[in-house]
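Single-letter residue listing:
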Amino acid sequence: MTDNAKARKRTAIPPTWQALRLSPLSTSTLALAAVGLAPLFVSGYFASDVLARAMLLALVALSLDLAWGYGGILSLGQSAFFGIGAYAVAILTLRWSSSLAAPAGILLALVLPALLAVVVGWFVFHGASSVLYVAIVTLALPVLLSAVDLRIPKVTGGLTGLSGVPYFPWDSDTTTFYVLFVVLVAGVAALHWLVHSDFGRLLMAVRDNEQRARFLGYRTPAIRLVVFALSAAIAGLAGALYAPFNGFVSYDLLGLTLSTNAIVWVALGGRGTIAGPLLGALIVNILEPTLNRAFPGFWLLILGLVFIAVILLFPDGLYGILRGRRPLGAGLRVVAADAAQAPEGALAISARGLRLSFGSLAVLQGVDLTVATGTLHCLIGPNGAGKSSLINVVTGLLRPSAGHVAIEQEPLHAGKPDLVARRRIFRTFQASNVFETLTVGDNLLLARGAGRMASPFRRTTVLDIPPAAFRVLELSGLDAKIGERAGELGHGERKWLELSMVLAAEPAIIFLDEPTAGLSAADRNKAGEVLIELVRRHKLGLLLIEHDLDFVKSIAQRLTVLGNGRILSDGAVAAVIGDPKVQQIYGGGLGEVADGRGT
Amino acid sequence: MVLGTLNVLSAISLLFIAAIGLAVIFGVMGVVNLAHGEFIMMGAYASYLVTKMGYPVALAFIAAPVTVGLFALLLEPIFFRHIYGKVMESILATWGLSIALRQVFLLAFGSGYKSVPYPTDAAVNLLGTTFSLYRMLIMALAVLVWAGIMLVEHRTNLGAVARAVMNNAPLASALGVNTNRVYAGTLVFGAALAGLAGAVMAPLTSAYPSMGLNFLTNSFFAVLVGGLGSLSGFVFASASLGASNEVVAILVDPVWGSVVLVVVALVLVRLRRTA
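Residue numbers (the working numbering), protein chains in the order written: chain H, 1 to 599; chain L, 1001 to 1275.
These are computed hints drawn from the structure, not numbers from a lab. The reader is advised that the hints may include incorrect statements.
So the derived list for chain L, only partly shown, Cβ under 7 Å to chain H, looks like this [unchecked claim]: (1) K1086; (2) L1092; (3) I1099; (4) A1100; (5) F1220; (6) V1260; (7) V1262; (8) V1264; (9) L1271.
Sample of chain H residues lacking proximity to chain L, with all beta carbon distances greater than 12 Å (derived) [said to hold, decoys possible]: (10) I91; (11) W122; (12) H126; (13) P169; (14) T174; (15) T175; (16) L194; (17) G304; (18) G384; (19) E514.
Using N, Cα and C, we set each Cβ at its ideal position, and we do this for glycine too.
With the hints as constraints, model all of the structure from the sequences given.
As structure tokens, this is what we get:
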């Protein structure tokens, strides 16, 4: 554990209650300290059996918390990973009389569950993965594996299971207790480190807004795969330790019971915190033997009902109630980078013959569009003309019914917005799209990463962003709100944040979907200045969807008018506005602009 | 060959009947009901109680849907109403409900299998193969349920209102449709279909507390492969999954059959997302 953690623990002792509320780490530390000292006070049986088992199962709860609480992967399959781990060690140590059997078993217990998770994840995380689909597929894992287990009794022992699994290489229960204790402490510390690293921020960003992460260039399915595999390996490790601890493994380890229980522990404790699931698993498992004896049969029923009540009434779990609102980490400081922006190469993205239909509704009917660096390009058109749809197709959100998109003649595979973003082409959304659960600073950090895998070993404290991005922060006053949660910002501020984010990503081309909608006139002028400077000084390419013609006329170099899914006119601003076809749509209002009499 | 075909058709019908209640609830309301399997289990126990009290087993096919439908009606205001439209909460809360229901039935009836007699032991002779009349009736029932839902969906005002709510609940609500009542009605209808499935299954599998799990995953795969709110997609999904399951079950082994069902479902969903 870090010095910081130790320091926090020292200061936490006098106002214990406050510390419990404010620092999840101190809660975890206190809980672990209590468990670690427990053998001095309780009976040997209680420590070596009940407590040791509870610690093993807490490891499963932590593995689920990583996948579900931090990764957003509601896995009902943790028992499958746990069971595979237990069987790997049991089978190897029973069948292979070599000193290598146990280490090989543990290795398999880590690798096999992770592999299974990768295979399952490859299927379920593809595209926009739904919570439900993941839940159902992972639910099928334990059901299928326990059935398969019974089907191959030669390997697994079938109904009778495998008994006589060799104990650990030592005899003392106390040693076992402290080995398990050390493993659990290491697990908590590693998880704490991981979720507070840059990678942890990326993980939470993907959990809360996968789409935004993809449009910043992150391969979100791969990130989910990594987390799920890691979670499976931790559950497998718990299983590997369980086999020698229990001396007996059978098909019901693979079954749904443990998965279900783990969900209950994590949900009761509070998912997305480390202390919550740790406490949930420890407390439930310590109470269970006693309460089960007191109310045979009713204990599970009561647990089920409490679980329902917690889900409906306290979705943040019991630790969530205790903690109240999480204070935001003061961690990140955002500064403007000294160096001028890296010189940009010229880049163009072009669409040819794009068509897009939903059933009989033709949204785009053969559109050609090129957006290149060094141009401030505006796209206008009446409501329903297909402006947003066009951007959605070009940036890879929607798949065109016909036609294709190419970056520098290189055809683009539709449905891969992260590939577009990694060519330094970014976009904003009509309704602002930011990571609402993260702070302004963390939003910028992720944007700055622009698709590069965030480090699990680093925690950035000073973030330097390109001067243009920093200017947007200053103009909007967001530089004073770096530590605030993005979800608590006003609508205008979120639009500014999103603009600053795409600038922080060092873009070549940006698509801006109504960047000034809902901004005040003063803000709009400020935005216009920033946009013009981006193009003039930094040679960026911008495509703006706009409604305000005066604004368009004051900033645009090139104008495209879209109507009924077709390009009506395209070219220099004055020429387009003078076009009779455009005049017809916009009538008098545009005439004034064209004549230069507009205000 | 004839026998094989009949077995496959009967497996498809069983999957269709088991999953149709789920498809209705999920398709209209987007409520994920992980207690669906337990609704089927309750239908099976209703069947068991009807026959145990000495009534003819045919009565079970009315009693089971009514019982489970009523149960859902009672739970609607205190439970289901709070999770409409919330995917994560509905997964977790209905999962909790399924745990509680399994436990209640375990406490009330014990873990043993409660057998329910077949409504008919007769067999029919088809192209030289004898086949259980009951299974033939199940196929007929599946077609009947399918036709009934098609009729309600496309030929009645009720269906039009349900489709409107399915399409755009806030708009339907603004037009004066009582969406809560539509949701409640759909929930009860879906639950009643699950109860009916329980009555159909009871003679085949007997009634036991954990029986729901076997139907839950398969039903969900049928719904997920079929896609949201599409009856024809759902029929296709039931057919492809039910058939692949049964073919492997006949040729190799039922366990591998259920593995194959999941693999086929995964591949189909992945293909649909890529296309």
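Tested hints:
Because the beta carbon of K1086 of chain L sits about 9 Å from the nearest beta carbon in chain H, more than 7 Å, this interface hint is broken. Checking L1092 of chain L against chain H: minimum C-beta separation of about 5 Å stays under 7 Å; hint holds. About 4 Å separates the beta-carbon of I1099 of chain L from the nearest beta-carbon of chain H, less than 7 Å, and the hint is met. For A1100 of chain L, the interface hint holds, since its Cβ comes within 7 Å of a Cβ in chain H; the closest pair sits about 4 Å apart.
For the restraint placing F1220 of chain L at the interface with chain H, the shortest Cβ-Cβ distance is roughly 4 Å, inside the 7 Å limit, so the hint holds. Hint on V1260 of chain L is violated. Least Cβ distance to chain H is approximately 10 Å, over the 7 Å limit. Satisfaction of the interface hint for V1262 of chain L is found here, the shortest Cβ-Cβ separation to chain H being roughly 5 Å, below the 7 Å cut-off. Interface hint at V1264 of chain L: violated, since its Cβ lies 12 Å from the closest Cβ of chain H, which is beyond the 7 Å cut-off.
The restraint placing L1271 of chain L at the interface with chain H is violated, with a minimum CB-CB distance near 10 Å, outside the 7 Å limit. A cut-off of 12 Å between C-beta atoms confirms that I91 of chain H is not in contact with chain L; the least separation is 19 Å. Distance to chain L contradicts W122 of chain H as a non-interface residue, since its nearest Cβ pair spans about 8 Å, not more than 12 Å. Distance check on H126 of chain H: its Cβ comes as close as 6 Å (rounded) to a Cβ of chain L, failing to clear the 12 Å threshold; non-interface status is violated.
Remark: the non-interface label on P169 of chain H is consistent with the geometry, its nearest Cβ contact in chain L lying 36 Å away (cut-off 12 Å). For T174 of chain H, the non-interface assignment is confirmed: its Cβ lies about 36 Å from the closest Cβ of chain L, beyond the 12 Å cut-off. Under the 12 Å C-beta cut-off, the non-interface status given to T175 of chain H relative to chain L holds; the minimum distance is some 36 Å. Look at L194 of chain H: its CB is around 23 Å from the nearest CB on chain L, clear of 12 Å, so calling it non-interface holds up.
Residue placement check: G304 of chain H does not keep its beta carbon more than 12 Å from all beta carbons of chain L (closest about 4 Å). Distance check for G384 of chain H against chain L: the nearest CB is about 17 Å away, which clears 12 Å, and the non-interface claim stands. Under the 12 Å C-beta cut-off, the non-interface status given to E514 of chain H relative to chain L holds; the minimum distance is some 23 Å.
In terms of the numbered hints stated before, the structure departs from hints 1, 6, 8, 9, 11, 12 and 17, listed from lowest to highest.
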